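**Q** Work the whole structure out from these sequences, hints included.
If you read the sequences in order, they're chains A and B.
Heads up, the final residue of the first sequence is numbered 81 in the working numbering, and it's a clean run with no missing numbers.
Heads up, the final residue of the second sequence is numbered 252 in the working numbering, and it's a clean run with no missing numbers.
Hint data in this document are derived by calculation from the structure and do not stem from the laboratory.
The structure displayed is predicted, hence computed values, not measured ones.
All C-beta atoms in this analysis are idealised placements derived from N, C-alpha and C, irrespective of residue type, glycine included.
Hints may be right or wrong, so weigh each one.
[Unchecked claim] Covered, in the sense of this in silico footprint (three residues per stretch, anywhere, with C-beta under 8 Å from a C-beta of chain A), are these stretches of chain B: (1) 126 to 132; (2) 138 to 145; (3) 193 to 202; (4) 232 to 245.
[Said to hold, decoys possible] Non-contacting residues of chain A with respect to chain B, defined by C-beta distances greater than 10 Å in every case (computed): (5) Leu47; (6) Ala75; (7) Pro77.
Each chain, letter by letter, is given below.
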Amino acid sequence: MIKHADIADESESSGLTADGTLKEMELEFGDDPVVACFKQDVDRSLLIDNLFRTYDERARRMNEFLRARDQLQTALPIQLR
Amino acid sequence: MAADLEKALSALVPAGVKFIVIGGWAAALHGSARSTIDVDVVYDRSRANVHALVAALQPHAPYLRGAPPGLPFAFDERTIRMGLNFTLTTSLGSLDLLGEVPGGGTYVALLERSLEVDAFGYRFRVVDLPTLIHLKRAAGRPKDLEPIAELEALLEERRRLEANNQLPPGA
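**A** Next up, the structure:
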């Protein structure tokens, strides 16, 4: 179970302080059984590889992938798009 | 057209527009292996920023995504101020301009839950990973359940590597 500081607030639905910033509170992740089920099948090796990259490297890799995907889609017959 | 963050940044950053990247691109920047279809940003609703936003995007033919052609849509300051969230097609790619997001509020509210990153030669803000997970949960969309699982696994791995001082600088 992962804990993190959440941005919602139980007493005020806006979750905001008077100066417009977000309130701190603890939220438990992983309490959704569907999410927990999906998490078992996550390929963490891909994620760990990405974590060792810089933000710039991750962004460039994603852009390359998206551009390649666009090219591939235009190469497919229309009925398969 | 691809969700080209580089092109969106090339218009927004030099113009001084205040925004925070959220959504699929934020996930990718944090290390998600999933692809995305548009660029989602939460923009500052201040008058000066709306002015900068309109000036930055007007040359790129912004139009309402999915709307029939020929509607009298004017991408100007009045339109932005009268509205809030806009899903657009532009010559830069699909771009979602969000004045407010469920569970996250406004640009100002999200500011302290974002970090400054460098990519494509631009410096800009992206929502932090725990908050990104929260925003996806708050959106309440069934299609996000699998991406949420991946983001939570990503957060677990990041914290594990950080705890062991295994992450290189800038990662």
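**Q** Checking against the hints above, which ones are violated?
**A** Those not satisfied are hints 1, 2 and 5.
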